[in-house]
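**Student:** Chain residues, written in single-letter form:
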Amino acid sequence: MSFKSAVITFPGSNCDRDAITYLRDLTNNDVLNIWHDETFIPSVDLIILPGGFSFGDYLRSGAMASKSNIIPEVIKHANSGKFLLGICNGFQILSEIGLLKGALIQNNKLKFLGKDCFVKKKHENKFNKLIKKDQVLQIPVAHNEGNFYCSNDDLNYLNDEELIAFEYCMGSFSNSDANINGSINNIAGITNEGKNVLGMMPHPERAYQNFHTSMDGKSIIESLIS
Amino acid sequence: MNKELILQHGLTLDEFQIIEDCLKRDLTMEELGIFSAMWNEHCCYKTSKKWLKKLPTKNDIVIQGPGENAGIIDLEDNDGIAFKIESHNHPSYIEPFNGSATGVGGILRDIFTMGARPIATLDSIRFGEIKTDKTKYLLNGVVHGIGHYGNCIGIPNIGGECEFDKTYDYNNLVNAMAIGHVKKNAIFYSKPKTVGGLIVYIGSKTGKDGIHGASMASDVFSEDDEDDKRPSVQVGDPFMEKLLMEGCLELMSSGLIESMQDMGAAGITSSSVEMASKGNVGVLINLDKIPLRQPLTPYEILLSESQERMLAVIEKGNDEKVREILKKWQIDFEVIGEITNTKRVVFESQNKKIVDLPVNIIVDDAPEYDREFYLPKKRNKRKFDLSNLTLEKMISNLLNNLNHLEKSWVYNQYDSTVMGDTVKEPGQATGIVKLHDSQKVIGASTDCNPLYIRINPELGMIYTVAEAYRNLIASNIKPMAITNNLNFASPLDPNIMGEIVLSVNGLKISASQLDTPIVSGNVSLYNQTNDAPINPTPVIGMVGSNSNINKIVSNKFQSEGDIIISIGENIDPHKSPYFLQDQEIVEDINLYNELENINLEDEKITAKILMEISDNNLLQSCNDISRGGIFMTLMKMIQKNYGFNIKASNDFELFCEYKSGYVTTIKENNLKKVFALLDENKINYEEIGRVVIEEIKINSKNIDYFDIKDQYLNNFERIIN
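Read top to bottom, the protein sequences are chains A and B. For the first sequence, the numbering used here gives the first residue as 1, with consecutive numbering after it. For the second sequence, the numbering used here gives the first residue as 1001, with consecutive numbering after it.
In case anyone wonders, no lab produced these hints; they're calculated from the structure. Hints may be right or wrong, so weigh each one.
Claimed, not checked - So the derived list for chain A, only partly shown, Cβ under 7 angstroms to chain B, looks like this:
| hint | residue |
| --- | --- |
| 1 | 40 |
| 2 | 60 |
| 3 | 140 |
| 4 | 142 |
As the list claims (entries may be wrong) - List of simulated lysine-lysine pairs, DSS-like, C-alpha gap at most 25 angstroms:
| hint | chain 1 | residue 1 | chain 2 | residue 2 |
| --- | --- | --- | --- | --- |
| 5 | B | 1709 | A | 109 |
| 6 | B | 1136 | A | 111 |
| 7 | A | 218 | B | 1440 |
| 8 | B | 1673 | B | 1556 |
| 9 | A | 109 | B | 1131 |
| 10 | A | 67 | B | 1328 |
| 11 | B | 1440 | A | 111 |
| 12 | B | 1608 | A | 111 |
| 13 | B | 1407 | A | 115 |
| 14 | B | 1393 | A | 133 |
| 15 | A | 218 | B | 1640 |
| 16 | B | 1709 | A | 115 |
| 17 | A | 109 | B | 1136 |
| 18 | A | 218 | B | 1434 |
| 19 | B | 1434 | A | 115 |
| 20 | A | 111 | B | 1328 |
| 21 | B | 1407 | A | 109 |
| 22 | B | 1551 | B | 1440 |
| 23 | B | 1640 | A | 132 |
| 24 | A | 115 | B | 1556 |
| 25 | A | 115 | B | 1640 |
| 26 | A | 109 | B | 1440 |
| 27 | A | 115 | B | 1136 |
Stated by the list, open to error - If you anchor each label on the Cβ, the simulated ranges turn out as follows:
| hint | chain 1 | residue 1 | chain 2 | residue 2 | range |
| --- | --- | --- | --- | --- | --- |
| 28 | B | 1367 | A | 24 | 31 to 37 angstroms |
| 29 | A | 173 | B | 1436 | 27 to 33 angstroms |
| 30 | B | 1367 | A | 173 | 57 to 63 angstroms |
For each residue, glycine too, the CB sits at the ideal point set by N, CA and C.
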């Protein structure tokens, strides 16, 4: 079975090529690149909303992109139960669309943060099923608004429904706090109720080749295609 | 014309006389503005040209040397690497965030104007002493600005330098470097090919920002200047630049455009004049066609430095196709004029010629000065009292000095892994990126040793080039070529002029001997406030490559038990300027001893052998020895829970500077092979210790590992907050 995937490019997306390369290398298949202005996405197994600064982060990160012409197609894809992954700005867009709970606000130290972070899985889903419990993944982050915030009700809901895919944790030899950006309950990535839509701040597409600082980002695509 | 007006435009009365003699008529205000923009130091290099001409700029691998938007070198197959460094010093002092952000924006445009996709940036930034709130404000603003622009457009920052010294108190330096990948058969030049071609305007609308920016950059500050000059700083929009970059790269690959020129310093004036001059043609531009953000006079349009704008030439009839591509990227596009055969620069507005000047007067008749210069005085030999320096004190002095500390506070504000091809991130000897979908890697380093250059401009410059060279060799990157950014104080002072002349000569000597030609560069003069000059700071950016990513050597410890070797020649403490400065032995610049001579042939042999050893996979790690000596090099090599246990004949030896110095670690069973190669080539080396776990031991004395490591990693943030 060949795994089909697509990456949406918005004006200001800057990890779209990285996401395409990541999918191409790990699925051994061509990847569709869809411009935000299109109104149709051919049937695929996975869509990635990539990182970047869509529309220059005008208004709020992800706000303008959530109104793009392609979005109804993205929602249709998600509602049909197929996989949708938002990385970094893609996570912010998913929050703005309303496919995921909560919001991503400015990092608590008010500075852009570009470095490797450590995460582990909290609740199991199809994106992280090959990752072992308590296994620490090292994956880069690069964001200014990655501080996950939600209401108490939403937080209870995320916990009760087991929708917290990844949480920040301590890494070996790391001397900084586990919680890098102020996210509530160390949340680094969450899913929707159907667990087929994942938003995460770390960039797995920057951690899968042998010259990267880690290859832990592979496990997400490997989980999906296994 | 009114004398005051001429001087306000940064021209001397003599210079103005030359113009009037050539034209044999009165100038219009707009024409005066053009000469002001084109005849300042920033655009015409009137002080430095005489000396820059002497630099080596060619060899087999140089595809494009100085004179274009960026230099390009050959990486075999169809791969070329475009790179350049540029300063944004003055704007970054007046408005640090926008000043530094637009510095990054400008250098990226220089790269993609040549048809190259930017793949990395580096930044070399210098500030005054951290004691003042002003310096903290500048540091925060500059780092934020560099990060904001680069992060948003999505180009990884892979390295640079950040130095603090009191001579930069009133003149911080911000030099940004960018590297791009271009297919050799798809390079774009600024020279237009055909008369009759349409001149088109691509990008942001023109506004009032940056008017007279280039002439401001060629002026000495006085203390109450800042507020007056603020409107001259450009405001950057990285989102617009991202669209412009993608739009331009798509246009270039569509074959619809002939040539392109960035509207950088002095905006449409300099870009159109340079276009005409390079093509030996004329330009006719209708200023009424320029997309405007707000109502502007022709004078303001000519001198605006609004960002994210390009000038291009396309064939007649292609304009609708070009408009269609740019519409997708939501970029303004307007046909504003054409290439003529008049060899004149003509600007029209309201059906009137408001500028009509022969290109050769603006460009070829631009002044070129042979300014008076003094050679530095001979230095007396001195011995200093070092008796108070204990091991603990020397370590503590270094770990409380911003210049030696780990600067993750700076580079963690930069995205260094976007594009997914970063091999070595900032904080290491060499920044390295891989060419996309290839095994080839590009390494780069920016360097300058201003204190050395202050002491001896020629020799100090040779040390600087040698250090950049070693930064690349340490990772097994073959050094290839140089871009330079010559930051100096006022050349009207013959002592400063002497620094310029001699350091350029040092650059010439070292670049020739090391076979690393200069392919692009920038000059920033008048970095002084009242009578306080900056240290001479000719920064160089060196670029190299390795065709096999698997041969890259780490700059950090790899495993316990590896043997630590030092390579090179120790310099006497009394002759190690940074040692004397950092250990607070000497403060007065006049008291330092003369620099020791350095032999570049030794440097080359050591480099050659180290690369051979690296190619044979015999090195575990390698790093160059620079300011802070072996001790700081070892600190930089610590990762995970590794430490070191070393011995030296005396403690000073670990803190002084080195010639051709490296620290390497080697697996015990490879020692023999490595020693044989070093012996055979008469390279100085010494076995100094081992890599150990959670321990730092010097001459059998235990140093608190966790405390020292914490200080090294975190003191920077503690000191600046």
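**Student:** Would you mind marking each hint as holding or not holding in the structure?
**Tutor:** Quick rundown of the hints versus the structure:
1. 40: Since chain B brings no Cβ nearer than about 17 angstroms to residue 40 (chain A), farther than 7 angstroms, the hint is violated.
2. 60: Result: violated, 14 angstroms to nearest chain B Cβ.
3. 140: Hint holds; residue 140 (chain A) Cβ to chain B Cβ min 5 angstroms, cut 7 angstroms.
4. 142: holds, 4 angstroms
5. B:1709 / A:109: Roughly 23 angstroms separates the two Cα atoms, so the pair holds.
6. B:1136 / A:111: holds, 15 angstroms
7. A:218 / B:1440: Measuring from Cα to Cα gives roughly 23 angstroms; hence the hint holds.
8. B:1673 / B:1556: holds, 21 angstroms
9. A:109 / B:1131: The given pair, whose Cα atoms are some 22 angstroms apart, holds under the 25 angstroms limit.
10. A:67 / B:1328: The given pair, whose Cα atoms are some 17 angstroms apart, holds under the 25 angstroms limit.
11. B:1440 / A:111: This hinted pair is violated, its Cα atoms lying about 33 angstroms apart.
12. B:1608 / A:111: Violated - the C-alpha atoms of residue 111 (chain A) and residue 1608 (chain B) are around 43 angstroms apart, more than 25 angstroms.
13. B:1407 / A:115: Holds. Residue 1407 (chain B) to residue 115 (chain A) sits at ~13 angstroms (cutoff 25 angstroms).
14. B:1393 / A:133: Roughly 47 angstroms separates the two Cα atoms, so the pair is violated.
15. A:218 / B:1640: holds, 23 angstroms
16. B:1709 / A:115: holds, 19 angstroms
17. A:109 / B:1136: holds, 16 angstroms
18. A:218 / B:1434: holds, 19 angstroms
19. B:1434 / A:115: holds, 19 angstroms
20. A:111 / B:1328: Between residue 111 (chain A) and residue 1328 (chain B) the Cα gap is close to 32 angstroms, so the pair fails against 25 angstroms, i.e. violated.
21. B:1407 / A:109: holds, 17 angstroms
22. B:1551 / B:1440: holds, 10 angstroms
23. B:1640 / A:132: holds, 23 angstroms
24. A:115 / B:1556: Holds, at roughly 17 angstroms.
25. A:115 / B:1640: holds, 15 angstroms
26. A:109 / B:1440: Given that 25 angstroms is the threshold and the Cα spacing comes to 38 angstroms, the pair is violated.
27. A:115 / B:1136: holds, 23 angstroms
28. B:1367 / A:24: 31 to 37 angstroms: Hint violated: Cβ distance 56 angstroms, outside 31 to 37 angstroms.
29. A:173 / B:1436: 27 to 33 angstroms: holds, 31 angstroms
30. B:1367 / A:173: 57 to 63 angstroms: holds, 59 angstroms
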